[in-house]
Amino acid sequence: MNKLFFGILAVLVAASIYTYLSEPEQQTAYPLIYWKSDPNPQRYEQIELFDKWLAKTHPELQTTPGVPAFGVKLDTASNQSTLIQAVSGVGGDLLDFSVVPVFYAMGIIRDLTPYAKEGHFGLDTTYPGIAGLLSSYDGKQAGYPCNVAVSNFWINRKTFEKYGVKLPKEEITLEEFEQLGKEFVRKANANNPDKKIFLCPAASGFGPMFNLINARSQGMDVFNETLTKSTVNDPRYIAPMKLLYKWTYTDKILPTAADVASQNIETGGYGGATFTHFIQGTYGIIVTGRYALIRFRELPKEQQMPLYCVQYPQSGKFRNMVGTARITSMYAATKDPNRTKYFFEFLASKDYNDHIIHGVDGLPPNPKFAINNPEFLKPSNYPNEGNVHANELKWAMNLALPAPQTPYYSSTGRDWYIYALDKYLNDRATAEEAVKEAEDRINLAIRQTIQENPKLARQYAEDTAIQKKIDQYKADGRKIPANWIRNPYYLKYYQSKGMLAEPERKP
Amino acid sequence: MAKELTMFNRGVKLVVLHVVLALVATSLVLPFTWMILASLKRLDEIGLDSWLPQAFQWSNYREVFTMKGIMFGRWYWNSIFVAFWVTFLQVFTSSLAAFSFARLKWKGRDTVFLMYLATMMLPGLVMMIPNYQNMIYLGLVDTYAGLILPAAFSAFGTFLMRQFMMNIPHSLDEAAEIDGASKWQLYWTVILPLSRPALVTLTIFTFIGNYNSMFWPLVMMKTPERYTLPIGMMAFDSSQGQQTNLLMAAVAMSVIPMIILFIFMQKQLVKGIMLGGVKG
Amino acid sequence: MLTWKKNDVKQATVGILFLLPNILGFLVFTAIPLVISLFMAFTDWNLEMHNMFQNATVKSVGFGNFVKLFTDPDFFTYLGNTLFLMIGIPFGVAGSLAAAMLLNHDFKAGSKKLYGIIILTIVMTVCCMMLVLVGMAATAMTLLVCGIAGAVIVGGSVGGQTVYRTLFYFPSFTSGVATYILWKKLYSPENGPINNILQPMLDWFTPIAARLSPKGATGIAGVLLVLMGLGYAVAMFRRCRRWYFGECGTTSVIIGAVLLMIPLLCAQLWSGLGWGGAFGFFFAAAGVIALAALFFFGRDYKCVTDYGMADAIIIDGIIMIGLFILLGMTNVVLSMPAQATSADGFVAPKWLADYYWAKPSLMIMGFWGAIGSNNMLLYLAGLSGVSQELYEAADIDGATPIQRFWNVTWPQLSNVTFFILVMSIMGGLQGGFEMARVMTNGGPAGSTTTLAYYIYTEGFGTGRLGYASAVAWTLFAMVLCVTIFNWKFGNKYTND
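Residue numbers (the working numbering), protein chains in the order written: chain P, 598 to 1104; chain X, 500 to 779; chain F, 5 to 500.
Don't take each hint at face value.
What the hints assert, rightly or not - With a straight-line Cα cutoff of 25 angstroms, these simulated PhoX-like cross-link-like pairs (lysine-lysine) come out:
#1 F:K219 / X:K682
#2 F:K492 / F:K306
#3 F:K10 / X:K604
#4 F:K9 / X:K604
#5 X:K682 / P:K670
#6 P:K991 / P:K947
#7 F:K9 / X:K606
#8 P:K849 / P:K759
#9 F:K14 / X:K682
#10 X:K512 / F:K117
#11 X:K766 / F:K112
#12 X:K766 / F:K116
Please keep in mind that the hints were generated in silico from the structure rather than gathered at the bench.
Bound conformation, chain P alone:
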């Protein structure tokens, strides 16, 4: 027994020592900061780039020549416990989110304003349309994007030429889109009745954003001006949903779920089946952003298709798009704020932005390096990519608005917009019922948040009072003071309509 017991113990202790010595902290001679992000292979390149950039731009930080001052390490935990780890004091130094205001309100990320000026990564160095995603509800900068995307409709010109369909104009309307779809599907399927070719991927994918953009183009948003209430149950939101249904089941422009399931194609690489359909020409259009080029550029030269992109189809007067971003923030309990801050400087630097421009992982966070940059606008190696770069940049600068969010409802749970569309498209509810359920669910969640959080409750009471006043002003046809509005969409919408008044004291 003795021999066995102590033998095993000795082996285990030796293994422990080996494990300890091979830990990443023990393997590097310099300090590490942790970046909680996704395990995209490009991240690893970006980290390597950071090391080079740091040595180049901040040599003064090195204590021993030749040894980096510090390094960045990826933390790609894919579990849902990001929030829990962060609130418990064990998050990474850098945290990635798609929206930050909620997390700023929880107190888990830092205000970057004090560092932004010296590091040249203020809100003015990125796209105006996404500023709402990376600042707190009271306007403090709480992050900087690693990449930005404006999803739009990409056309494979080869497919369109093959079937003799004319390219639409960039500002396409719903009617034109429907006509285009009918023409495309008719011509494409003329000779092969069993092999199904569709204009677009299934509605369940791009539908939620399509509904939002169309509702917004008609002058409504899914939250009211003060973000205190969901207003999604509105004919202007339901109409595009019904259109998607019609396009799927009556006009057969879009595939049904069953169509998608029965199309047996091999999926390889980034982006999955949808991209493959686009490349093969079984879809004429896909809804995507610049990041899709990561996959398309991997294709053999002769397979690379000529591209052309148009906006989200919309018929309202207020043309808009939705900007999204992967935003990096500084963790509130970071041990190294003075090291971590350099990472944001890096994200806004030429080195990093050039990497994004060449690596096509979305739009570069700092548009300065893309505007008037021929390498970005017309990459010489890829003449086939047409207007996608220029247009996406243009739309990100002019048309993009952030997706809706409210401080009164943490969006960490289920996405009710997707839920509602799913239910409707699968015939489990009518459009009206589905949207009403979504609105009720969101408003219920808002009420619960208010009930649980007394601090928010006070602010909520103020905001609802303002909302009453706004409604009154609207009914009277008066202009609305800009400082009353918290919803970035309405701010821009009223401005474009000339309905915005000078700031006024809050009621």
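Assemble chains X and F onto chain P, guided by the hints.
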């Protein structure tokens, strides 16, 4: 004549039995067959109707270890390392407790045993949230100790060992006592060596259970270098899972230790399950 | 009673010393968390507000969390999901019983010589078959599957029970993240092997089904409904008979009857059934009348009201599931002609990506793992304990194999079955987390979110610790109910 006929009948019956058993067994094994074959395909062969690869891509198995962001070798090591520690500690603490419950006589022993056994019934779900907070308080989040320590004690293991130790003849104790052995010596030199079958069984159980465990590592570990295989596999699946051939190679490699263990230890294991299940 | 002598104290000290590590572990990792968790369930502890960066005080909300839980539509959806997934349990248990009975044969019975001849025959047959297949230039796939089957049967005939048992046990033994990922790929609607095989079969079946006229479909549906009625009548008769002969108490008979009537009443709710609904109602009404008549006339053999409860719930519960399956099949048959003549014909399901198919997909996977699980080993142990004399006695009475099973094997195994069922139900209530996390993320649209996964998302996703604890304790209360049921009725059932 009649006897030969029954012989013939028996023969037919046995053949039918074999055919039925083989069919069931084959259909149970088919998913594994697909796994192995898919892991040897090229990526563009994956969706094809034929399961067989055109040429065996053994390099897939090597490639798994060199993928960016997939530290497969490290995860393998971590899993086995953690599972070994847990097994060692759990078997040790369980045998200690079982000795006390099975071989020592003290007042209140059976009450304590029943109470301890009852904790097996408590759902782990109830405790997971405070346990996590507990770990933060102890500073064990994202450490191996945080994975090992909570799993080092087990009511089930204690129960299994006790069931076995109860059946060791009591005359041995008396003999040892006459020799002037202390309780510790009795445990260490007499009872423990005699409990070898139960020790082996519990070892396999604990090892497999821990090797497969997913929930606790999922919430505890955040540095990819410290992942165990199950959560590493999940990270693989969610980040680069579209590379079905490599993913299947990884899955195949991750079940290999279990299969080896099973083939060598299946007799012990079957006995153990019966021992543990008889009374519940 | 508790008078401790000096010697007692000394002995207890030694005993406790051996327990010390376990006691410490129990305190730190079980007892303390348990108390904290109970405390949490009655507070509004929410990590969004109560964390190391925001020092709002945690307030007690009394039973607020539980009230919220019972008014939360999600909770009941997820409870429903959990219970739905548990329907798979009886199938798994039946599968492992069948596997155990197949394995429980003495392969060498007769003589060594006979056994040798059998092995030789099998080896020869397999070789010939493979040769014929190769000669016919069969596809690689056919060769592959036949080759594996051949290898298994040759291996099995030589190795006997051990080989088969090993193969049977594989799926449950390796079950974990690895096999879940494997099944996720198998179920892939676009290029998974399941749909690759299924779709051509459905395409082949479509024209055949298209020939089936709606009238013919109605006819088949009618037959299925009659079968359902028959099953119900037989089960009802059995239940009433047991009551009459004092093998079943009054409460038990009512619970059993109610269970049996549920599918019939559900038939009403189904829209496409038409007259079938009325048919179900008629049968249910007949059952009620029969029971009423029975109670009116009384019986000679009295017994306690809850006697035979376990039998009522288990047997009638299983029959209820069977009736539900018949009902589902009726519906499928009725919708078949329309499906087959539609443009797409039959389309293979999207499995995990489909709202309605996701749960059955998980159940199929569960069944695959359950056949050869620990339950099979427990049954094997149970079967080896059944005395051979009972079988011999049955043979002398000229019992058919089915009678042998119901009169000898099944009653002898009843305690094992009961143990397995109780453990499976307790596991099922708390289960589904790993599958949901690895395979579906609880989706699509929450259709595979079980209570365990719900607790995880609430606790670790949104940080509502108070609410999550309340859900966890509610779940615990359910598990406790099953345990109490086990204590109360387990022994009675086993003594039947």
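Here's how the hints hold up against the structure:
1. F:K219 / X:K682: violated (82 angstroms)
2. F:K492 / F:K306: holds (20 angstroms)
3. F:K10 / X:K604: holds (14 angstroms)
4. F:K9 / X:K604: Distance ~14 angstroms between K9 of chain F and K604 of chain X Cα, so the pair holds.
5. X:K682 / P:K670: Distance of about 52 angstroms is beyond 25 angstroms: violated.
6. P:K991 / P:K947: Measuring from Cα to Cα gives roughly 20 angstroms; hence the hint holds.
7. F:K9 / X:K606: holds (10 angstroms)
8. P:K849 / P:K759: holds (20 angstroms)
9. F:K14 / X:K682: holds (12 angstroms)
10. X:K512 / F:K117: Since the Cα atoms of K512 of chain X and K117 of chain F sit roughly 16 angstroms apart, the hinted pair holds (cutoff 25 angstroms).
11. X:K766 / F:K112: holds (20 angstroms)
12. X:K766 / F:K116: holds (24 angstroms)
In summary, the numbered hints that this structure violates are 1, 5.
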